[in-house]
Amino acid sequence: MEIPYTVTARPDTGLYNAKIGIWLFLASEVMLFGGLFSAYVFLRVGALPGYWPHGLLNVPVGTMNTLLLIGSSVTVVLAWASLKMRKFMQYKIWMGVTIICGLLFLIVKLTYEWPQKFHHFGAYIKTEDLAKYEPYLGNNYLAAKGLQPRVEITGDVTPESLDPSATAYEFEKVDAIYSDPTNPAMDRPTFFPRELVKLKTNLILPKADVEYASMFYPRHSAYFQVYFLITGLHGLHVLGGLIVFTYFWLPVGANLYKKNPEHLANRIEVVGLFWHFVDLVWIFVFPLFYLL
Amino acid sequence: MEHTTTEHSHAPGDDAAHHVNAHVKGYLYVGGFLIFCTALTVGLSFVDFGTREANIIVAMALATLKVGFVAAIFMHLKSEKWTIYRILLITVVFAIGLFALTGLAFSDPIRLNW
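Protein chains in written order, with the working numbering: chain A, 1 to 292; chain B, 1 to 114.
Keep in mind the hints are simulated off the structure, nothing from the lab.
Just to be clear, a hint being listed does not mean it is correct.
Claimed, not checked - Partial list, derived from the structure: chain A residues whose beta carbon lies under 7 angstroms from chain B:
{"hint": "1", "residue": "T13"}
{"hint": "2", "residue": "L32"}
{"hint": "3", "residue": "L36"}
{"hint": "4", "residue": "S38"}
{"hint": "5", "residue": "V61"}
{"hint": "6", "residue": "T63"}
{"hint": "7", "residue": "M64"}
{"hint": "8", "residue": "T66"}
{"hint": "9", "residue": "V74"}
{"hint": "10", "residue": "A81"}
{"hint": "11", "residue": "K84"}
{"hint": "12", "residue": "M215"}
{"hint": "13", "residue": "H276"}
{"hint": "14", "residue": "P287"}
{"hint": "15", "residue": "L291"}
To be verified - Below, computed lysine to aspartate or glutamate pairings styled on EDC-like, alpha-carbon distance capped at 16 angstroms:
{"hint": "16", "chain 1": "A", "residue 1": "K207", "chain 2": "A", "residue 2": "E262"}
{"hint": "17", "chain 1": "A", "residue 1": "K200", "chain 2": "A", "residue 2": "D187"}
{"hint": "18", "chain 1": "A", "residue 1": "K198", "chain 2": "A", "residue 2": "D163"}
{"hint": "19", "chain 1": "A", "residue 1": "K145", "chain 2": "B", "residue 2": "D48"}
{"hint": "20", "chain 1": "A", "residue 1": "K207", "chain 2": "A", "residue 2": "E170"}
{"hint": "21", "chain 1": "B", "residue 1": "K81", "chain 2": "A", "residue 2": "E172"}
Claimed, not checked - Between beta-carbon pairs, the in silico distance windows are:
{"hint": "22", "chain 1": "B", "residue 1": "D108", "chain 2": "A", "residue 2": "E2", "range": "54 to 60 angstroms"}
{"hint": "23", "chain 1": "A", "residue 1": "M1", "chain 2": "B", "residue 2": "L65", "range": "46 to 52 angstroms"}
{"hint": "24", "chain 1": "B", "residue 1": "L44", "chain 2": "A", "residue 2": "Y212", "range": "30 to 36 angstroms"}
{"hint": "25", "chain 1": "A", "residue 1": "K207", "chain 2": "B", "residue 2": "G68", "range": "47 to 53 angstroms"}
{"hint": "26", "chain 1": "B", "residue 1": "Y29", "chain 2": "A", "residue 2": "K145", "range": "39 to 45 angstroms"}
{"hint": "27", "chain 1": "A", "residue 1": "A208", "chain 2": "B", "residue 2": "L65", "range": "49 to 55 angstroms"}
{"hint": "28", "chain 1": "B", "residue 1": "W82", "chain 2": "A", "residue 2": "F192", "range": "46 to 52 angstroms"}
{"hint": "29", "chain 1": "A", "residue 1": "E134", "chain 2": "B", "residue 2": "I90", "range": "52 to 58 angstroms"}
{"hint": "30", "chain 1": "B", "residue 1": "I35", "chain 2": "A", "residue 2": "R10", "range": "33 to 39 angstroms"}
{"hint": "31", "chain 1": "B", "residue 1": "A72", "chain 2": "A", "residue 2": "E2", "range": "43 to 49 angstroms"}
{"hint": "32", "chain 1": "A", "residue 1": "F192", "chain 2": "B", "residue 2": "E53", "range": "21 to 27 angstroms"}
{"hint": "33", "chain 1": "A", "residue 1": "N140", "chain 2": "B", "residue 2": "S79", "range": "58 to 64 angstroms"}
{"hint": "34", "chain 1": "B", "residue 1": "P109", "chain 2": "A", "residue 2": "T8", "range": "53 to 59 angstroms"}
{"hint": "35", "chain 1": "A", "residue 1": "I100", "chain 2": "B", "residue 2": "T51", "range": "40 to 46 angstroms"}
Since this is a predicted model, take the numbers as computed values, not measurements.
Cβ coordinates follow ideal geometry from the N, Cα and C atoms, glycine included.
For reference, chain A alone in the conformation it holds in the complex (with noise of 0.2 angstroms):
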């Protein structure tokens, strides 16, 4: 038996099958992102001073990454209009393109934007023990210019501070913000991540006096735990959207195109749509995230 409706559209609602099942299923996306963009919101207003990092993630990569996510959505959407033209050859190529750039954004976010953070180090000074650490946290500067504190170390720590029996952790480098905490220009953030800073000598940071430390897991703050989270869900999508889209790329889309042409085009704006969603949630993980 044939199931009506999967090509043409039914009279009552004007929608083939699957466009409906599409929006049902991107309702149900909505509520999930939002519960932890909910996560977030409340986690970061509910953050003491200081508890909130800013300027950690890899700005010009976190651009390069939303610009290829913004650009499959182009050619994904000129995919599905070739089809609808009756032009299969140009479909194929703007779908490889749109295949190229979400493995591209994978690639990136796995080889390069993760492991970066898996290897670096932060430690969270004990409030009563701040003041002894002011040369690199310049918090005195802070105060008088109103803003936040700071009450983390991070840079990159010798291999033997993370035994845990040592007493201590030892800083071979620092983040640039710590070997000059009271330059105007550490203030913000900057486009380009700045260089670890060797210093002259170590800087010794004994267990006793620090509150929490960790490299840049999802257990180092709430700040990670979100980051790792939404970015992980949202590579998962992206990832399903690849399967799918290479699923119509091989012959299986050649067959279905050669058996009905309306077909393929309306499986094509059904996945397409599934893939602006993705774009859409980057489109607010990235200012949120890298740049505010």
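Put chain B on the given structure of chain A with help from the hints.
Chain B in isolation, oriented as in the chain A frame:
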């Protein structure tokens, strides 16, 4: 009926193909506008608007504008069927409720007494 993968074969009604073709330029313009807005978002994030809240409002306003264009043009919400608008209306109501709950959490008497 079997179709071939040759270009221009079995085109839909000329009107339909022409209608889609007329939109292609629009998709490219919107793509260019989104790229411009991304550059603007990045550039303005490094401008000090006085308070961090002001910077957040500017960035979110630009993000909302971009999302509006993607939804209206790429997702064709500019001219969709009423069934989809109804689905989205219910979604918006629930999403607002979700964020309102987060807002209520900040007036939680237990939390305020910490």
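(message) So, as I understand it, the hint says M64 (chain A) touches chain B; can you test that by seeing if any CB pair is closer than 7 angstroms?
(response) Violated - the Cβ of M64 (chain A) stays beyond 7 angstroms from chain B, reaching only about 10 angstroms at its closest.
(request) Measure nothing beyond the straight line between the CA atoms of K200 (chain A) and D187 (chain A); if it is 16 angstroms or shorter, mark the hint as holding. (result) violated (23 angstroms)
(request) Using 7 angstroms as the Cβ threshold, decide whether V61 (chain A) counts as touching chain B. (result) violated (12 angstroms)
(request) Identify whether the interface hint at S38 (chain A) stands, where standing means a beta carbon of chain B within less than 7 angstroms of its own. (result) OK, holds: S38 (chain A) within 7 angstroms of chain B, min 4 angstroms.
(request) Using the Cβ atoms, figure out if N140 (chain A) sits within 58 to 64 angstroms of S79 (chain B). (result) holds (60 angstroms)
(message) The hint says 53 to 59 angstroms between P109 (chain B) and T8 (chain A); measuring C-beta to C-beta, is that right?
(response) With Cβ atoms ~57 angstroms apart, the hint holds.
(request) For the hint on H276 (chain A), just tell me whether its beta-carbon gets within less than 7 angstroms of chain B. (result) holds (5 angstroms)
(request) Verify the proposed pairing of K207 (chain A) with E170 (chain A), using a straight-line Cα cut of 16 angstroms. (result) holds (10 angstroms)
(message) Tell me if the beta carbons of K207 (chain A) and G68 (chain B) are separated by a distance inside 47 to 53 angstroms.
(response) At 50 angstroms between Cβs, range holds.
(message) Between the beta carbons of I35 (chain B) and R10 (chain A), is the distance compatible with 33 to 39 angstroms?
(response) Since I35 (chain B) and R10 (chain A) have Cβ atoms about 38 angstroms apart, the given range 33 to 39 angstroms holds.
(request) Assess, step by step, whether the Cα of K207 (chain A) is no farther than 16 angstroms from the Cα of E262 (chain A), and give holds or violated. (result) With Cα atoms ~66 angstroms apart, K207 (chain A) and E262 (chain A) exceed 16 angstroms; violated.
(request) Using the Cβ atoms, figure out if F192 (chain A) sits within 21 to 27 angstroms of E53 (chain B). (result) holds (26 angstroms)
Going through the hint list in order, the structure does not satisfy hints 2, 3, 5, 7, 12, 16, 17, 18, 21 and 31.
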